[in-house]
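Asks: Residue numbers (my numbering), protein chains in the order written: chain R, 1 to 337; chain Y, 1 to 163.
The hints are simulated quantities; they were obtained by calculation from the structure and are not laboratory data. A hint or two may mislead.
[Unchecked claim] FRET-style restraints, in silico, Cβ to Cβ:
(1) Y:157 - R:270: 33 to 41 angstroms
(2) R:127 - Y:123: 35 to 43 angstroms
(3) R:249 - Y:134: 32 to 40 angstroms
(4) R:2 - Y:131: 44 to 52 angstroms
(5) Y:123 - R:301: 36 to 44 angstroms
This one's a predicted model, so the numbers in the text were calculated from it and none came from an experiment. The beta-carbon is built from N, C-alpha and C at its ideal position, and this holds for glycine as well.
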Amino acid sequence: MLRGKQTWWFENRPVIIGTGTVVGPDEGAGPLAADFDLVHAELDLNQKSWEKAERLLLEQASDFAIKNAGIRRDQVQFYVGGDLLNQLISNSFTARELGLPYIGVFGACSTSMLSLALAAHLVDSGMAEYAMAGTCSHNCTAEKQFRYPTEYGSQKPPTAQYTVTGAGAAVVAKSGIGPVITCATIGKIVDLGISDPFNMGAAMAPAAVDTIQTHLNDTGRMPADYDMIVTGDLASVGHRIAVDLFARDGVPIQDTVFSDCGLMIYDIERQKVQAGGSGCACSAVVTYGHLMKRLRNGELKRILVVATGALLSPLSYQQGETIPCIAHAVAIERGDA
Amino acid sequence: MATNTAGRGKFKPLSMSSKEYKTFAKQREPARSVFANCVRAFVTGGLICVLGQAIQNGYMSWLKLSATQAANPTVATLIFISVLLTCLGVYDRLAQWAGAGSAVPVTGFANSMCSAALEHRAEGLVLGVGGNMFKLAGSVIVYGTVAAFVIGLIHVIFGIRGH
């Protein structure tokens, strides 16, 4: 049911019964390597194109999710997913392999929580018993589509971010053992005039702040009600801005652990990733790999994952448009079991 | 824990003008080290030129070519080195450090063509490699030609006989 202005309250408490995460070599060299199901040593996964490699990441992640859920593939009734590539090719081709009814969604890097919220909604409303959410990104496909050829020698500014190579999928079920999705806040577009595609953190920070504040208002919760509030890919620049925006608006964000997946996935001091990680897979693999593990073992009891997306296209920024941004929040709690 | 909706509306929605936000965000961005970048570009660009000069001198002394005759093979050699480094995945890493130092010389031009060709190989030789090779280099050629045309006009109009 709707609570407040933008929040879906899932009264039937859909359960995440299984997740799958697959990452590339840079993520495998980061601090969360042990939390992923599979780490590839090769950036191209021995495929003929970057696009094929990205697709394979998602296929493998969804296979892991289904396997870890302990169900058969044909038991999954709907697959909800999206990615960054034009016309969502990574997801459409993966859905072809899965052979499942498919709902393609685009939320740029916020797709992880957008698809998870929709899968939870399908299950909560009784439209499905099992639904799977998935997303993926690849550093080289993103560079190729949004920026320059991967081997082109251009200097990236310190505000730039490094697209995560990886894929994450989660199977949501009506009942079962695992973390529970209790509510989701669907964000609205916030655009405060940043137009530099090498400064996405600053562009997306207001969207994250807006969604979190709306979520707190809609649910009547305070930051302290969460063990952790984690944004998707604001990285160091956007994270700092978000913290200061909260301070300005008097939101006691310091009462919780406020972090960002883009800062968690890499060792930003050691790895050459500029401000930190980004991409659809950033929040997906950190949530489905690292945070799920901590929820399952009881380290965390209730978290809010706020995936952030910059909804620009190469065409829009070349035409001088600013970057419309969005953030979707999903609250996940430790299950009863 | 407060899970009811009693506190609804306790936080005011984010409100900030775009102008105000741009300043707010700018103050929180890491400073770009313009000076260090200039020094690095100067050093790298200079070293690439020194390498070019060494190659030219080499052709002149070993192959007994004149300075003019040695110029073309020198450029070809630099292009070859740049393409090789691009294919080995080294040139983009050098560029992150060197900035304009590795972008401005002829090696940067070669890198822009080679990287685009490599990137779009998967889309085939015609539409991929052929169609995309000049994706970045094309504008250098267009505006190089336009600039040459304008300079040429200035020469004609003002009668400057530069050589």
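Asks: Evaluate each hint against the coordinates.
Replies: Now for the hints, and whether the structure bears them out:
1. Range check, residue 157 of chain Y to residue 270 of chain R: about 58 angstroms between beta-carbon atoms, so the 33 to 41 angstroms window is missed.
2. For residue 127 of chain R paired with residue 123 of chain Y, a C-beta distance near 39 angstroms keeps the hint of 35 to 43 angstroms intact.
3. In this structure, residue 249 of chain R and residue 134 of chain Y break the distance hint of 32 to 40 angstroms, their C-beta atoms being roughly 49 angstroms apart.
4. Between residue 2 of chain R and residue 131 of chain Y the C-beta distance comes to about 50 angstroms, which sits within the given range of 44 to 52 angstroms.
5. The hinted window of 36 to 44 angstroms between residue 123 of chain Y and residue 301 of chain R is violated, with their beta carbons roughly 49 angstroms apart.
Checked against the numbered hints above, the structure breaks hints 1, 3 and 5 and satisfies the rest.
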